[in-house]
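Assemble chain Y onto chain X, guided by the hints.
Going down the list, the sequences are from chains X and Y. Per the working numbering, residue 5 is the first one in the first sequence, and the count goes up by one each step. Per the working numbering, residue 528 is the first one in the second sequence, and the count goes up by one each step.
Because the hints were derived from the structure by calculation, they are not lab data. Treat each hint with caution, since some may be false.
[As the list claims (entries may be wrong)] Listed below are the simulated EDC-like cross-link pairs for lysine to aspartate or glutamate, each with C-alpha atoms no more than 16 Å apart in a straight line:
id, chain 1, residue 1, chain 2, residue 2
1, Y, K704, X, E23
2, Y, K992, X, D42
3, X, K58, X, D10
4, Y, K915, Y, D972
5, Y, K997, X, D90
Chain by chain, the residues run as shown.
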Amino acid sequence: MSIPSDLKYTRSHEWVKAEADGTVTVGITDHAQELLGDMVFIELPKVGDSFSQKQECAVAESVKAAADVYAPISGEVIEANSALADSPEKINQDAFGSWLFKLKPSNPAELDGLLDAAGYQEVLDSEDH
Amino acid sequence: MLIFEHARPGRRNYSQAPKTSASIDDIPDHLLRKKQPLLPEVSEMDTVRHYTRLSQKNFSIDTEFYPLGSCTMKYNPRACNALAMLPQYLSRHPLAPEDTGQGFLACMYELQEILKDVTGMAGITLAPMAGAQGELAGVMMIRAYHEAHGDFERTEIIVPDAAHGTNPATAVMCGFKVVEIPTDKEGNVDLNALKAAVGPKTAGLMLTNPSTLGVFEENIAEMSRVVHEAGGLLYYDGANLNAVLGKVKPGDMGFDVIHINLHKTFSTPHGGGGPGSAPIGVAKRLLPFMPVPFVTLEDGKYRWITEQERPQSIGHLSAHMGNAGVLLRAYIYVRLLGREGMNRIAEFATLNANYLMAELRKIGFEIAYPTRRASHEFIVTMKDIKDKTGVTAMNLAKRLLDKGYHAPTTYFPILVPECLLIEPAETESKQTLDAFVTAMKEILDEIEQQPDMVKSAPHNMPLRKLDDVKAARELDLCWKPGA
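Chain X extracted, bound-state conformation (with noise of 0.2 Å):
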C-alpha cells in the first residue's frame, strides 16, 4: 500500500492531516492496522479533552492486542469519529480514510516535526528485520 504524500506521519504510526481551517485529523497507518490485524473496539478521547504531543489518548484494540494511539501534536479534541465505535474494521479497510480524532493544534509548530511520506517511508524499512 502506497503512502499518502499529503500527510503526515508519527514513528507510532499516526498519520495527521492539516485542514485548511488550521485543525489536524489523526487516524492509524494501514502499516499500524496490518500490524494489529482485525480490529475489534477503538476506544477514542472526549471532545474537550486537551492531550500534549506523545501522551496516550485513544486505544486501538484487535484480535492480537490493544495498541495506544498518541497525540502527534498537541491540543484539544474537537470531534472524534463515533461511527467506529460500531464498526472499528472500518480501519481495516481504509485506515487512511478513517479518522479517529481532530484537534485544535495548542502549538501548531510541531507540525514541522512530524514525518511526510518519504520519512515514514524509512521508518518502516528500518523496523524491517
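Below, chain Y alone, put in the same frame as chain X:
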C-alpha cells in the same frame, strides 16, 4: 453443543429410579424460590458423554505435542499427581495444628530450601497463587523496601519492550510509572537506553532472562550494576527459568526478587487459568518484606512464620498459604529429579529448541534472530511468506491443528511481525520433534501449491475457522433459554 441443549423437561439422572421428593413444609415461605433454578435437565449418562466428548475435542499435553512458546508445556509426571493425591494430604485442613501436619510442613519447607538453592536467593515464600500474583508480590516488596528506607521519590519501574504484558501491568497496579526501554537488533536490551533511563526516580527494573525473544541477555551483569548503582532493585520474571535451571542462578545474576512459575519450570499442570503457583525468592535485603506465611524449621520441628514475627511483611496473598496441591506436585517433581536431574533440564530444553530451530531453518523457515543461539524457545517470522503468498502466521497455526499439533504461540512477542514463538520443552523426544518438522514442511509445500486451502484451515477439526472478531466484540458467555 452446550449441556443445556441436551436437556429435556423432567429428565433426571436415570429414569428407572423412583421419584423422590422431600417435604419443604418446614422452610419459611420467604426463603423458597419462586422459580425453578436454571439447571440443565439431563441424565447422568448424558452428562458423562457430554463432558467426555468435550475432553476428546481438547488439545492437551497428554494427547498432542504442545510447543506453546513462553508457556513451557512440559509433561506432568503421573507420580507427582498420584503422590499429591494421597488421602492424608487431600483431607488435611489448611489450619490444622502444626503438630498434626509435620509431614506436610516438611514437604513445604524442603521445597522452599530446594528452590532457594537452585535460584540462589536468600529466602523463598510459596504463597503466591499464580505468576501474576507472584509479580504483584515482588513489586510490592520493592515498593515496601524503598518506603522502609524513607525513599518515596522512586516512582518508576523500567520494563523492556520485549516484556510480558503482565510486567507493566504489575508496575501500574503497584502505583509505579512504567518507563519502557527498547531492544537492539540482536535481541538484547539496549544498554545505552537503560543507562539513560535510570536515576533517582528508579524503583527497579523488571526483566525476563532469557527474554521473550528466546535469547539470553548477554549484558546482564552490566545491567545489574547500572540499576543497583542508581539505587534501584532488579526483578526477575521467572517465565523462562526453564532455559537456565540448574545452570545459572538468578541470585548470581544480581536479582533482588524473582518469581518462579511452578506450572512451567516445575511441571505442575497448567490449569485453564488456574490453579497456578509462583513462589517468590528474595535477596537478603528483602527478607523482612516477604509475604506470610512460610515454613521454618526449629529444633527439629516445622512451624509457620506469620506476621507476628514479620511486622514489615507485605501481608497475606490468600486465605492461608498458597496452592497446597500444586506445591506438593512440584515438591515431588524436584525430589524425583534430584540435583543431577535438575541440571539436565536446561540442557535438554535448550538442545531441543536449538535442534528444532536448525531443522526448521533447513526446510526454509526464517528465524527472527538468526545470529543468536536459542534459549529454550525461538521465533520464526512469516513476514516474507505473508508478503509473497498472503498466508499468515495464524493461518499456519490453524493448519497445524489439522495435522495433530497444538499451535505455537502466535503474534507474541509483538516486536516481531507474523511470528511464531516455539518452545518444545525438554520432555519431547527427537522423533516427536522430527514429526513436527515434517508437518511444518508439508504446510510450507501447501502454502506454495494451494495457499487458499491453508488460509481457510482448519479443515479436520470439530469446528472450522472461528470468527474471532465476533467472539471478541460480542462476548456472550451465558446460555439463555430459547436463545
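Now for the hints, and whether the structure bears them out:
1. Y:K704 / X:E23: violated, 35 Å
2. Y:K992 / X:D42: holds, 15 Å
3. X:K58 / X:D10: violated, 21 Å
4. Y:K915 / Y:D972: holds, 14 Å
5. Y:K997 / X:D90: holds, 12 Å
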